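Top line first, the protein sequences correspond to chains A and B.
Numbering follows my numbering, in which position 207 of the first sequence is assigned residue number 207; successive positions increment by one, without gaps.
Numbering follows my numbering, in which position 415 of the second sequence is assigned residue number 415; successive positions increment by one, without gaps.
There are no misleading hints in this set.
Pairwise CB distance ranges, derived in the manner of DEER restraints:
#, chain 1, residue 1, chain 2, residue 2, range
1, B, Lys297, A, His247, 51 to 57 Å
2, B, Met156, A, Thr41, 40 to 46 Å
3, A, Leu103, B, Lys92, 33 to 39 Å
4, A, Arg92, B, Arg15, 44 to 50 Å
Sample of chain A residues with no beta-carbon within 12 Å of chain B, all distances over it, derived:
#, residue
5, Leu15
6, Leu88
7, Ala191
8, Ile211
It is worth saying that the hints were derived from the structure and are not from the lab.
Just so it is clear, the structure is predicted and the values come from calculations on it, not from any experiment.
The C-beta atom is built at its ideal place from N, Cα and C for all residues, glycine as well.
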Amino acid sequence: MFDRRLFTNFDWTLLAVVLLVTAFGVVNIYSASSSYREVGTPYFLKQLYWIVTGLGLCLTVCSLDYHMLEDFAYWLYGAVLLLLVMVLLFGRTSMGATRWIHLGFFSIQPSEPMKIVIIMTFARFFSRYPIFKGLSLKDLVYPLLLLGAPALLIMKQPDLGTAILVSLIAGTMLIFVGVRWSAFATLVAAAVPVLYGGWRFALRDYQKDRIYNFLNPNLDPQGSGYHIIQSKIAVGSGATFGKGFMHGTQSQLRFLPEQHTDFAFSVFAEEWGFAGCLLMLTLYLFLVLWGLAIAKRCNDRFGALLAVGVSAMLFWHIVINMGMVIGLFPVVGVPLPFFSYGGTSMVTSMVGVGILLNISMRRFMF
Amino acid sequence: MKPQQNILPDDDGSRRIIMLSLGAFVMFFLLLSRLWYLQVIDSDNLLDQSESNRLRFVPVAAPRGAILDRNGKVLVSNTPSFSVSVIPQDVKNKELLIDDLARYLNLNRKEIEEKWTKGQGRAKYYPLVVASGISRDQMEFLEENRLALPGVNIEMKPVRAYSNGQLGAHLLGYLAEINEEELGSERYKEYNAGDYTGKSGIEKSWESFLHGTDGGRQIEVDARGRFLRTVEDSGSSVGNTVMLTIDLEMQKVAERALGERAGAAVAMDVNTGEILAFASSPDFDPALFTGRMPPEKWKEYLEDPRHPLENKALKGMYPPGSTFKIVTALAGLEAGLIDPHTAIDCPGYYKFGNSTFKCWDKKGHGHVELRKALRESCDVYFYKLAERLGVDRIADCAKRFGLGAPLGIGLDSEKGGVIPSQEWKLKRFGKKWYQGETLSVGIGQGYVLTTPVQLASMIATVANEGIVYQPHLVRRIVDSEGKSLKEFPPQVSRRTGIKPENYRLVKDGLFAVVNEPHGTGGMARLAEVKVAGKTGSSQVVKLRDSKGEVPYQFRDHALFVGFAPYDKPEVAVAVIVEHGEHGGSAAAPIAGRLLRAYFEGKGVIKKPVARPDKQEQEDSADPEAAGDVTE
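Sequences are here, hints too, so could you generate the full structure?
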């Protein structure tokens with residue numbers, strides 16, 4: 001199974017860039033959490049453990065030929081969908097949302113693997129689907145059902161961020177496959193009443209608040225608009241070269257919310273300034289473009305779709321998280337891949353990278 | 001591994017990848033532009049915001065300067081006062097905390113709640129004072145239990161400490177929070193709402209020296225408004241010390257001698273104009289004005305017929321009564337209308353036109369020349385003299401002493417009194433002067449009004465034979481390091497231009513007032529030192545026939561002005577006892593005690609071991625009354 005060629009073709013560049021980003025992430029978490037009164041293992045150390053775990057999974061994923069995934073895709077889809085249903089039925093509720101489920105000795109958050117699974121499912125679906133002139137409305141029925149089921153279940157938890165992400169990933173893949181303009185226009189026309197209905201009936205008050213506050217954070221600067229304002233202040237006050245490592249006043253004095261997780265980039269922007277942000281954006285853009293390049297070089301359709309999907313996943317996480325931090329998007333709980341503290345995100349992103357590495361190193365084999 | 005079927009045409013796939021890459025690139029460029037906007041273009045603004053997020057300016061009130069007596073004894077200084085405040089955003093359970101605070105501080109729940117509600121509009125990190133002036137025990141108790149009381153802060157600030165209680169309350173004045181009106185005025189343009197400022201007395205008039213410079217601390221706080229560290233401390237500098245001319249011992253004696261009676265007593269250095277005692281009675285508690293004045297106390301102050309809040313020495317305008325005969329006599333001598341031998345006959349009244357002006361002694365004084373007229377305070381003598389002088393010559397003489405206008409002793413709102421003249425009446429009332437009114441003026445009645453401090457200055461000028469020293473209350477101003485900033489040496493504000501021999505003639509009469517039989521001021525006499533002076537009583541209302549007990553508010557005011565030693569004058573006093581009826585019995589003893597205190601302080605008179613009051617002369621001076629005019 002292990003071919004010498006695999007090793008020689010291993011995509012060291014991709015791994016190196018990913019490790020560089022995680023390293024920045026750990027350093028940043030060290031600073032962001034230094035003001036916390038910590039009990040037990042410090043966050044940056046825990047993050048290191050997660051990186052190691054993630055890398056293990058990443059290498060495991062890339063050691064198995066990704067074509068196996070094509071066979072498992074629907075089974076995995078079914079299993080995770082079942083878990084999502086179980087979450088709603090037996091899940092553990094914390095902070096008003098039911099996202100976790102106990103599986104014997106550990107808990108998981110099935111919405112997270114769904115991000116990967118939806119990529120595999122769509123890749124599987126379209127790898128064998130004959131298309132000649134873009135997807136018609138009829139062609140979209142099954143894909144939208146495949147997407148709709150998990151997306152609604154996740155929305156119901158409620159976890160708007162993940163639901164949107166899953167949809168965006170799937171949507172990007174659809175665009176890659178090609179959608180006819182007529183079908184696209186019809187979908188957009190249909191989306192209007194659906195969005196309205198969603199606003200009226202599906203969104204929770206706190207979710208609506210977030211959107212209101214995104215539109216006008218000064219409505220309630222001490223309350224729900226606080227996050228956006230404080231984050232913008234943190235980023236902007238970093239100016240060109242930043243306030244210096246461990247010297248961000250917004251973060252060290254805890255004016256930032258969730259500063260080691262969702263708002264980690266805001267800490268980074270404050271301490272390293274525009275120069276640091278430029279570096280991070282370059283690294284991330286490189287990751288996304290590299291992933292798309294892997295898709296381009298890939299000889300088989302399933303692999304190309306997988307690579308596009310993973311690239312889309314990384315891309316949307318990055319854009320939504322940064323957009324939120326700098327006040328371009330409303331506050332949705334989306335972490336920055338490899339950078340925000342958190343095991344779930346790290347594992348998902350690392351598995352994604354594992355898939356990319358997998359495709360990348362096997363491109364000459366077929 | 002399945003052989004793949006590449007359904008998507010290769011070039012189409014590549015085209016879409018390029019499209020997606022382009023899309024990604026555009027999105028990232030958008031993010032970068034936004035970062036550029038925030039971090040480069042708008043960074044100054046956002047940096048300011050982050051600074052104002054973490055930095056708070058906490059003003060630190062400068063401790064006020066102390067007020068000392070002429071010998072450096074402390075009259076007013078500062079003492080730490082502890083107040084309890086809460087930072088609403090750090091409070092875990094408001095209701096519980098209010099309960100606890102009410103219990104620990106012996107306060108009403110409602111009071112705390114009220115203060116809490118009042119401060120609700122402010123930022124949640126802003127400390128909200130719920131109780132001030134708590135005891136040291138309470139402070140220590142709260143300090144020990146601080147962990148159990150999240151959000152509670154204890155603050156220390158200096159407040160005024162009155163070393164001698166209410167002593168000199170009018171003179172020293174009180175502090176209170178600055179009000180809207182003051183905030184709007186030029187004088188207080190450096191002040192902020194909530195600052196304390198002097199509201200009366202020395203505290204008000206010398207505010208600019210006492211106040212010092214407020215400092216401030218720039219502190220860093222975290223997102224919850226908790227203090228982390230001091231970033232910058234522009235230290236407050238303590239106000240300057242104001243050293244008064246007042247002698248604490250004399251002030252004490254003056255106030256004790258006045259007792260519960262309404263009145264004023266002023267003692268002055270004859271050769272410098274330094275005011276040694278400046279008492280107004282009854283007094284009030286200045287400390288009450290700074291904190292929370294109990295409403296019943298406030299009502300008591302306002303309704304007391306003796307007007308405890310009024311500084312009578314400074315603002316009390318009284319007819320000088322017979323003490324004014326000194327001025328009339330000097331005017332007569334200067335005009336050459338009388339000499340020591342000019343005599344009249346006093347039958348007990350003087351008929352002028354259709355009116356009869358009574359002498360206070362109905363029996364009459366018989367043959368009267370100047371010395372006897374002063375000694376026995378014969379009204380008829382001065383009616384006749386005043387008639388010959390005319391009001392304008394009397395007014396001219398009075399004004400040479402500085403009567404009728406504020407002296408500028410160093411306190412705000414000093415009153416000037418009234419020295420009437422023909423011109424004055426025409427201006428004031430638009431009416432012609434009547435000759436009969438001149439007679440009243442001659443004995444210090446009618447329109448004549450003077451303040452106790454003016455009378456003290458007048459008699460001091462008589463004592464030093466013609467120099468009007470600028471009466472003043474402040475001797476020197478010393479900064480916090482003990483360096484003298486300003487000295488107030490004696491200053492001659494004017495000279496009367498009256499011949500010394502005329503002064504000597506009058507002084508001889510004043511000596512007789514105190515030291516000779518039939519003199520009206522015998523109760524001011526001292527065994528060790530020669531005292532000279534003049535009694536007076538001034539009419540409050542005209543009583544046609546005073547039979548039986550006169551109600552308090554209609555009784556005459558009792559006055560005494562005097563100086564000592566007679567041969568080489570050092571100190572002058574003026575005393576007024578409102579509704580004290582007779583200057584000789586009500587005011588003269590107080591003057592005597594005040595003079596005694598002065599010479600005791602100088603070591604001229606030995607301090608008695610037991611009771612200092614016993615040596616008052618038992619001489620019963622004849623009671624005198626101001627001329628009662630019958631038309």
